[in-house]
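Just so you know, the protein sequences line up as chains W and C, in that order. Heads up, the first sequence is in the working numbering, so the first residue is 1 and it goes up one at a time. Heads up, the second sequence is in the working numbering, so the first residue is 1 and it goes up one at a time.
Hints in this document: simulated from the structure, not taken from any laboratory. Check the hints yourself; a few may be wrong.
[As the list claims (entries may be wrong)] Restricting the straight-line Cα-Cα distance to at most 25 Å, the calculated cross-link-like pairs of lysine to any residue (SDA-like) are:
1) Lys94(C) with Gly111(C)
2) Lys66(C) with Asp114(W)
3) Lys42(C) with Ser63(C)
4) Lys66(C) with Val112(W)
5) Lys66(C) with Gln51(W)
6) Lys134(W) with Arg88(C)
7) Lys18(C) with Gln51(W)
8) Lys94(C) with Asn149(W)
9) Lys134(W) with Leu106(C)
10) Lys42(C) with Gln51(W)
11) Lys42(C) with Lys75(W)
12) Lys66(C) with Ala74(W)
13) Lys46(W) with Ala74(W)
14) Lys18(C) with Ala74(W)
15) Lys46(W) with Lys75(W)
16) Lys94(C) with His22(W)
17) Lys94(C) with Phe115(W)
18) Lys94(C) with Phe113(W)
19) Lys94(C) with Leu24(W)
20) Lys75(W) with Asn149(W)
21) Lys18(C) with Gly111(C)
22) Lys134(W) with Leu105(W)
23) Lys134(W) with Leu24(W)
[What the hints assert, rightly or not] Chain C stretches covered by chain W per the calculated footprint, using a threshold of three residues with CB under 8 Å from any CB of chain W:
24) 37 to 43
25) 49 to 58
26) 76 to 89
Glycine included, every Cβ here is placed at the ideal spot set by N, Cα and C.
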Amino acid sequence: MTGRPSLPSGEQGVQPGHRLAHFLVPSRLEEIADLAGAIRAFLETKATPDQVDAVELGISEAFNNIVLHGRPGAKAGISCSFDQHNSSLLIEIEDQGQPIPEDRLAAAGPHVFDFDETDLASIPEGGMGLAILKMAFDRVSYQTIDGVNRLTLEKRVGQLP
Amino acid sequence: MIELRREGDVTVVSLVEKRLDATLAPRFRSDVVGLVNDGASKLVLDLSQVQFMDSSGLGALVSVLKAVGGRGSVVVCGLSSSVQQLFRLTRMDKVFSIAPDVAGALAVAQG
């Protein structure tokens, strides 16, 4: 992450309701590995390994969706910030690309995986990302205001230290 | 990105990357489906070095499975705990033959 002073930015703290960490990364697929590494290190003491895996997976799917479908441009940044509230992690991801169509996000869910495992043709090769994103978190909301898309993700992690 | 070796009529494909994600999945899909199109029909996919997989990586594995179709077999092995979690979440653990390691996968593929 050398040479990318914005990843991760400082802002470390433990006060409930305050931002715990903030990451700002360029909108390129190649950036997700570094972002994921930073997030894993940040969450190591804040969640169980399975919860950390789920958060990494969900954020990766969100990031992929922004880069591949929102297309904000390689120089545009994607912001990812972490807060805590009671026993939940609250994650906000912001970008200024094309928003996710409301019907696509609403339609995504576990039913994507209600395939017949004996029928090869019914097994999806794509279109799984938003479903996985929603399944990885306990609550997902999305809004676009003044050209800024904000994806809010909640993960219950038990009592934080 | 991948290393290949033959064990009898089985092709062992080892992915030598820590992540199978949207960055690498298209090339992985192309390379391995290319092997199938060139005649490989029994595949062991060794994912023991892969610590993270997303939906793109999963989709690439499904593409390989579909390319083989009913003409052969695909066995995946060496799944990390996070990859196992992804397989369970998406019910792909019901779709793929899964073995703990290459030796176990070869036994399934050759059986």
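Can you list which hints this structure breaks, lowest number first? The structure breaks hints 5, 8, 9, 10, 11, 12, 13, 15, 16, 19, 21, 24; every other hint is satisfied.
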